[in-house]
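> Each chain is listed here by its residues.
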Amino acid sequence: MNDKICLSIPTKSEYVSVARLTSSVIANNMGFDIEDIEDIKVAVGEACNNAVLHTEDYDHTFDLSFSAQSEKLIIEVKDSGKGFSLDKYEEPDLEHPKEHGLGIFIMKSLMDDLEIESQVGEGTFIRMIKYLNK
Amino acid sequence: MSLEIQKAFNNERNVWDISLAGDVDIVSSVELKDNVNVLLDKDEKGLLINCEHLSYIDSTGLGVLISLLKRVKKSGNEIELTNAQPNISKLLKITGLDKIFVMK
Chain L
1 MNDKICLSIP TKSEYVSVAR LTSSVIANNM GFDIEDIEDI KVAVGEACNN AVLHTEDYDH
61 TFDLSFSAQS EKLIIEVKDS GKGFSLDKYE EPDLEHPKEH GLGIFIMKSL MDDLEIESQV
121 GEGTFIRMIK YLNK
Chain P
135 MSLEIQKAFN NERNVWDISL AGDVDIVSSV ELKDNVNVLL DKDEKGLLIN CEHLSYIDST
195 GLGVLISLLK RVKKSGNEIE LTNAQPNISK LLKITGLDKI FVMK
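In order, the protein sequence lines correspond to chains L and P. Just so we're aligned: 108 in our numbering is position 108 of the first sequence, and the numbers increase by one with no gaps anywhere. To convert, take the position in the second sequence, counting from 1, and add 134; that gives our numbering.
Treat the hints with care, as some may be off.
Pairs of lysine to aspartate or glutamate residues, derived as DMTMM-like cross-links and limited to a Cα-Cα distance of at most 25 angstroms, are as follows [as the list claims (entries may be wrong)]:
#1 P:233 with L:99
#2 P:238 with P:212
#3 P:224 with L:35
#4 L:82 with L:35
#5 P:233 with L:95
#6 P:233 with L:90
#7 P:208 with L:93
#8 P:227 with L:3
#9 P:227 with P:151
Rather than coming from a laboratory, the hints here were simulated on the basis of the structure. Quick caveat: nothing in here was measured; it's all calculated off a predicted structure.
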């Protein structure tokens, strides 16, 4: 199996739920268990939140793709928003949590693999992998 | 799924009783924040949040809970989260928030 599903989604918050629901249907079809499906749904929601929150232009879209392979699901989210400096990213202090900055930490915790490329003014690319039966 | 918020004052516990049903996400987290801040503007008390029918929360929703906790702590109060579903509990645990809220 190597099926790819590509979506172009408006950078509007009301469409993030479309991405989340799509991810849970794909993960379910691939045979992930309920806990993994929930993890994937939350991680996709966070990646899409990031694309929406970092894009100032309301008329833009961002790209979301799912590669359903026999042993894993690869999810990629690419936006052309304002991006951010990864050097300045700090993992949240769990003893003194802040209102912002939890999204990347959540994606990292729930997925088996996470890569982020981002440049200020260029946008952000997020690649996440969840393995079946891991 | 959209978010439904039920709220009432619990005289017995002297806290605001809030029940959440549905999703607290990038769309609805502002609604939650605004609704609860209106209650706290009326009376700065603690919050008892029933999460039994809360099916989803994301980082924007958790951010709202953190900001509300900061506000209630200023008046010496707490936020108690009750009946959280396993997926919500998992998220609270991995973010360490289960240690700063009272979990029942």
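> Please go over all the hints and tell whether each is borne out by the structure.
Evaluated hints:
In summary, the hint linking residue 233 of chain P to residue 99 of chain L is supported, as the alpha carbons are separated by about 16 angstroms, within the 25 angstroms threshold. Restraint check for residue 238 of chain P and residue 212 of chain P: the C-alpha separation of about 13 angstroms stays at or below 25 angstroms, so the hint holds. Using a Cα cut-off of 25 angstroms, the hinted pair residue 224 of chain P and residue 35 of chain L holds, with the two alpha carbons roughly 10 angstroms apart. As the CA atoms of residue 82 of chain L and residue 35 of chain L are separated by approximately 33 angstroms, the hinted pair breaks the 25 angstroms bound.
For the given pair, residue 233 of chain P sits about 8 angstroms from residue 95 of chain L by alpha-carbon distance, which is consistent with the 25 angstroms threshold. With a C-alpha separation of about 20 angstroms, the suggested pairing of residue 233 of chain P with residue 90 of chain L holds against the 25 angstroms cut-off. Taking the CA atoms of residue 208 of chain P and residue 93 of chain L, the gap is about 20 angstroms. The hint holds against a cut of 25 angstroms. Taking the CA atoms of residue 227 of chain P and residue 3 of chain L, the gap is about 34 angstroms. The hint is violated against a cut of 25 angstroms.
Between residue 227 of chain P and residue 151 of chain P the CA atoms are separated by roughly 23 angstroms; this keeps the pair inside 25 angstroms, and the hint holds.
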